[in-house]
Amino acid sequence: MTVKKYTFKGGIHPDDSKGLTKDIPVKVLPAPETVYIPLRQHIGALLEPCVKVGDYVKKGQIIGNSEAFVSVPVHATVSGTVKAIEPYYHPSGVKVPAVVIENDGQDTLSEDIKPVGEYYNLTPLQIIDAIRNAGIVGMGGAAFPTHVKLSPPKDKKIEYVIINGAECEPYLTSDHRVMLENTEEVIYGLKSIMHVFSLDKGYIAVENNKPDAIKALREAVKGDNSIEICEMITKYPQGSEKQLINAITGRQVPSGGLPADVGVVVNNIDTCVAISRALRTGMPLMSRVVTVSGKGINNPANFEVTIGTPFEEVAKAAGGIKENVRKVIMGGPMMGMTQYNLDTPVIKGTSGLLFLLDSEIFDEKEMPCTKCGKCVDACPMGLMPLYLMAYSRNENYDGLKNYHILDCMECGSCCYVCPSKKKIIQHIRVGKAKLQIKMRKEN
Amino acid sequence: MSEKFVVSSSPHISSDNYICNIMKNVLVALIPALLMGAYVFGIRAVVLTAVSIISCVVFESLWNTVNKKEETIGDCSACITGALLAFILPVSVPLWIPVVGAFFAIIIVKQLFGGLGQNFLNPALGARAFLLASWPVAMTVYTKPFEKLPWIKSIQDIDALSGATPLAVMKQSGEMSATYFDLFIGNVGGCIGEVSTVAVLIGFIYLLFKKIIKPHAPLAYILSTALFGWIIGYNGAFTGDPLFSVLSGGVLLGAVFMITDYTTSPTTALGNIIGGIVAGFLTVLIRVKGGYPEGVTYAIMVVNVITPLLDKYIQPKRYGGRKNEKR
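From first to last, the protein sequence lines stand for chains A and B.
Those letters in the first sequence? Residues 221 to 663, by our numbering.
Those letters in the second sequence? Residues 12 to 338, by our numbering.
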């Protein structure tokens, strides 16, 4: 039987470098002596702390919350004493208020933690509430609050639920390991989301460079026709929401729109596990699987890390970093953020922590653009990056608009293929920001 | 220790594809055509090519020195311009012709407009057009294949060695003066790099295999030349010989090495196809109805000039774009 393979237009084929960690089982990392929990770990409002310095907090207790709809609470990930609430290093590069908790090592659980129930006994609203209370966000990196995704406007009918196990970023293997080791929880999470929209069909998308994960998932859903495991052709950025939706449903999210506009909700693998745990055990999101990789780390590994653990501790557990590490990246090498400080804590969106040597990164001199058009072929959004770059430099706002700069999702495929090593995305980011400021002024 | 980490925005990795690698591969793809040129016309073809390449590199280096700019000859683009310029010269031209051509190509067409990536014309074609207008006799005398030519000295008794190219004969009499096989192998008069179809095709396959060029523009140009060659026949409408149109003159060389030039061709597949069709039409039109027996140079130059328009009006199909949206 031939199985349909899904894919999209454009994209690139970087060396996936996943071999470093893909066969290493997830190891639970003990919580550190002190955790630093930033009050902004998601896209949306900054949280207000609801504890004071000197308070004793229990594991799983809410320590930061907000009235805003687009926000989720954060929880104490250890039990202990609040030492400080102050701006602290954050993976985004700017300091963000964080609750610093000294771990008493007791792991005393909060009384609020009790199972919510099996999904089929709950109403959609109860499930969505439970997901918000558990502080669950999209764990692929963007950290968009999951309950918001699951509450689309009334006029949008959701017809597809897709779980994103593509993991197209090189190096990262956290989703891969979770699919292998927590297969049942992934499927439970998916079924909970299907229940929210009363759908009888769900999809899990996995790139075909993870045949063992595809096999494990297919075996787990054997005889169950409600879940289809979709084999995706390995190509970056297959894990991008819009490309995934296009590959599986054939639909395209309209420019400026959301997946719900075409009746689709996409969630991450780790998010499913978090949902499953929140419903069945009541445990909020307090840890996540992080791939620690790159040639600059002595023992690459996959760890289940307590949120708020400084990168330094994670690196130590992986055998320490080598002398000549050039870049530390949170996330993947295509879209991840560079870090300048290892005191920065792991947050909900930390899918990977990469320690890269000179040989793994590029630091080439820019050559003139020869208009070769390779960026045009690689752009998964069908844009013309070379002109966006040129117009951004010239501050040609009409050009930027006519060439649809706001559609760019900054996947970096254009930079990757550029033979002149142009920093196209950087120019596009600047152009986007300038255009948005100008449009705001005009309105 | 933390001070040592480099902070930059994503992406942090890049392909191992570089401009100079691409240029070097193009040079490799030009070797078969040079070898056939040398076989058919003798060592003089190699000498001319060497003079042309060296002149281009020297002029580029000179420009950078005079203007206190960073040296750019390392990107090998000047070498390609030099080689292509020599390939579209008759082998009998005096040796100062490629030097003047190199000056025009590198200084006037390329550097005055901003250097690599900024020129609106293909430098080699621009130089040929300039030479053709300035020294029309030297540029239109073609020696017969396999004549013994002096390596370096100017050719004195050129009339004795010269013969009309198949295109010129066709234009005058409407008859074919060479067999398809001669045209395919290169046993005809013509420019150094264009006589042998098979040599150019080897380069084409190499470039396609290395993914340096895409097939859209060359195929569109070749097919369009064949189609219009049949429609606009020398002896009346719909009487032309498509195969002769493609195999004769510089169509193949233009299709593989000229119309695929990154800087002066559109960036989209559709843009390239349209450019190829236009070039094919103009090539045949100039050949049959124009004043010259060959039209590849001007046809491709016109496509160079309309390239910015093609890139403006033909954008790729955008993800999530609405139908009939305004550009």
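Careful, some of the hints might be misleading.
[As the list claims (entries may be wrong)] Cβ-Cβ distance ranges computed for the label pairs, FRET-style:
id, chain 1, residue 1, chain 2, residue 2, range
1, B, Tyr324, A, Gly539, 53 to 63 Å
2, A, Asp243, B, Lys222, 49 to 59 Å
3, A, Asp481, B, Gly301, 51 to 61 Å
4, B, Ile42, A, Asn518, 41 to 51 Å
[Stated by the list, open to error] Just so you have them, the derived chain B footprint on chain A, three or more residues with Cβ under 8 Å:
id, segment
5, 415 to 422
6, 426 to 433
7, 552 to 562
8, 580 to 587
9, 623 to 631
These are calculated hints, taken from the structure and not from any lab test.
None of the values given here were measured: they were computed from a predicted structure.
We put the CB at the ideal spot given by N, CA and C, even for glycine.
Going down the list of hints, with the structure as the test:
1. B:Tyr324 - A:Gly539: 53 to 63 Å: holds, 57 Å
2. A:Asp243 - B:Lys222: 49 to 59 Å: violated, 32 Å
3. A:Asp481 - B:Gly301: 51 to 61 Å: holds, 55 Å
4. B:Ile42 - A:Asn518: 41 to 51 Å: Check passed, 48 Å falls within 41 to 51 Å.
5. 415 to 422: Violated - the segment 415 to 422 of chain A has 0 residues with a Cβ nearer than 8 Å to chain B, which falls short of three.
6. 426 to 433: violated (count 0)
7. 552 to 562: Satisfied; 10 residues make the cut.
8. 580 to 587: That given contact holds, which follows from 6 residues of the segment 580 to 587 of chain A lying within Cβ reach (below 8 Å) of chain B.
9. 623 to 631: Result for this restraint: holds, n = 4.
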